[in-house]
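S.K.: Chain by chain, the residues run as shown.
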Amino acid sequence: MSKWLKTAAAALVCALYLSVNAWAQSAATYPGLGRTATAREIAAWDIDVRADFKGLPKGSGSVAQGQDVWEAKCASCHGVFGESNEVFNPVLGGVTAKDVARGRVANLARDDYPSRTTMMKLSTLSTLWDYINRAMPWNTPKSLQPNEVYAVVAFMLNLSEVVPENFVLSDQNIAQVQQRMPNRLGMQTDHALWPGREWGAKTTRPDTANTACMTHCATDPQVASLLPDFARNAHGNLRDQNRLVGPQRGANTLVADASAPTSAAGPVAGAGAAGASTGAMGNTKAVLALLGKHNCTACHGVERKIVGPALTDVAKKYPDQADILAKKIKNGGAGVWGPIPMPAQNLPLADAQAIAAWLARGAPR
Amino acid sequence: MNPPTTHGRLRKAPENFLDAQGLQTARSELRQGRRGFIEKAFATALAATGGTALAQTNPVASDGGDPNILILPEHAKGLGLGVATDGYGKPSRFEANVQRRQSPGLTQTTQASVSFAPLQSLFGIVTPSGLHFERHHQGWWDIDPSKHRFMVNGLVKKPMVFTVDEIMRLPSVSRFHFIECGANTAVEWAQVAVPTVQYTHGMISCSEFTGVPLITLLEMAGADLKTGRFVLAEGGEGSSMTRTIPMSLITSGEVLVAYGQNGEMLRPENGYPLRLVVPGVQGVSWIKYLRRVEVGDQPYATKDEAIHYMDLMPNGMHRQYTSIQECKSVVTTPSGGQVLLDKGFYNISGLAWSGRGKVKRVDVSVDGGRNWRTARLQTPVLSKALTRFNIDWVWSGQPAIIQSRAMDETGFVQPTYAQLRKVRGSRSIYHNNAIQSWLVQESGEVKNVQVA
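Chains as they are written, first to last, in this note's numbering: chain V, 1 to 365; chain Y, 1001 to 1452.
Extracted from the complex, chain V is given alone in its bound form (with noise of 0.2 Å):
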């Protein structure tokens, strides 16, 4: 071998050894990044409940405290038997003693039924204390205790006919409890439609088998559903949803379908240029701000009622009672507007008197 050729076999070598060498180290580890996730970390954290009761705290609730915990923290949304649709769709109503003898809910099969409620669906318990305990209530999740969450489980459980009023919920029982849900039996995974082989679903096909027929198809057009007229307009004038040039403008909603198409729109009030608003205007844009910051208007329609009154009506029950205001809006409330009694809410003074102050004014817009 010649000397060029050594240097050269050598020098090869060497670059082979130090690629190879880097590429292992970066492939191996990343040095320096991540560490060990400590105890109270995980504690912290890890609180899902599995359909097995893995991850679900010791602890335990009576139905009568459940009562208690719900008509001052979950009726205000859900109505003082679950069965409100006012904010949320109903939690509570549609199952039977014979569903939760049967395992399946009788109402889902039905198509007559009007709707379709948390409790005719679950089928595990498991499901229900981790979401509450999650994310309940809708505006302070994660706020209650774990004997507060046995005890509206087992409340919810009352109205659906699995406990008996003096049912006491608890870390014990809950995996007998479970086999009293009236939906136990009322789910399958043999589908085509999970990314991967965990279940061993014995369908792999999916549903439907079209074909791409180009001609000739045997489809015999006849529009079957169409909107009615009545609601033409009830997503707003289409005309200001569509883009100013193109092929096609947005269809003026506000006249009748047969008529001509009319000239296209400006472009969409006060999303543009106007704005900056000065004065009384100001203040109302901040507090409106503020409603939404605080999540008033989860409850309170500005000028429409939801589970709580319009934010109009209030001001004009009470006129330049600013004080009055601010204290309802910091303890909360019942009795004036009807049986759903509003929450004490936890937002700064300044913030509730800026509301309030606005409100006495008769709500300006």
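Possibly wrong hints are sitting among the right ones.
To be verified - Here are the simulated SDA-like pairs of lysine to any residue, each with C-alpha atoms no more than 20 Å apart in a straight line:
(1) V:Lys142 / Y:Trp1141
(2) V:Lys73 / V:Gly55
(3) V:Lys305 / V:Ala344
(4) Y:Lys1422 / V:Lys305
If you're looking for bench data, these hints aren't it; they were derived computationally from the structure.
With chain V held as given, fit chain Y onto it using these hints.
M.R.: Coordinates of chain Y only, in the frame set by chain V:
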């Protein structure tokens, strides 16, 4: 500078066809299911195509020229604005109608709600981040990334925590994927319920996501990939959303812990600073504000697997853990709620996608599904990403029903409503991937319809 008061030319009221009374009658006949109207209309439309000279959409003004050409505008004769006038640029003031929107009456709150992306106004396959559809269960947050942590625990040798800095130091990938809510097109299961493609299909968006394959992080923690066949992903916001992810999808390297979206960080509404990207799977699994994954040997039956996001079958059973978004497409231009400007040439354009891989072909019909032509697929055609299709069309001014039908690389062909309902009934909420129909009326106005 004032916005212009006239824009293009709109087609005049249809003459010599049907007056207002006639249209009224025709529509009531439609509602009664009389097929004669539509069939006759198609026959007329067929006869009318070819040969007829169409009106010029941009005619020469009587004084010999377009004033927009003859009179130089201010912007051609003056000095424009300077660089960095706006440190983060915004769309033109003339684009203010292009907004994501709530569907009136769908929800009672804004925090547990949806906003729909304006598909009727978008081009190509990328959704501008500010127009990405939103789905929040308990409101959105703008989280300080220096305080956000990501934890891996469960069936792992070493449970770990990472800062966002550390996640961003790891080797990253960038990939285009669509995200579609499992409930996209939900309100149309039984009948037409909303007027435009924004409301029928607007719970889909497509972005280039940047992040770290989740498998990298699981391997760092020494995850048991054999016993641990399921992974729970959990969010850090109020609802702390949770979903079970199949380990097989994670070991394939497809699932990402993402921080980037379309070249910048995720938008707060989309999970800033970390979200899970689960290609081909419905949006609820793409956990936002991702704080933790747990490796386990069983699925987790979370709220969105045991109360919501289940498919109610006609026999009253629920299908659980339905996750894949099957092959689907929709024509976005022209689409419901729009008015065609005039007779003549149009580029029918739309979007197709499949949770099982690449889109292979899209066919388009303008006669309600009797005859079809294959559309042009625009590159890039990427796996589990939106694909844009286009096809030429000359509108004669007669009624037309426009449909698109996508096929994916598995050979699966997008179903008709009849085929889908035959198996799943019409009471399901989720996974409606039926062929969409748009009726172009002689007035030029386009309506959302379902054909039988």
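S.K.: Hint by hint, note whether the structure agrees.
M.R.: Hint by hint, here is what the structure shows:
no. : hint                 : result
1   : V:Lys142 / Y:Trp1141 : 16 Å, holds
2   : V:Lys73 / V:Gly55    : 24 Å, violated
3   : V:Lys305 / V:Ala344  : 19 Å, holds
4   : Y:Lys1422 / V:Lys305 : 41 Å, violated
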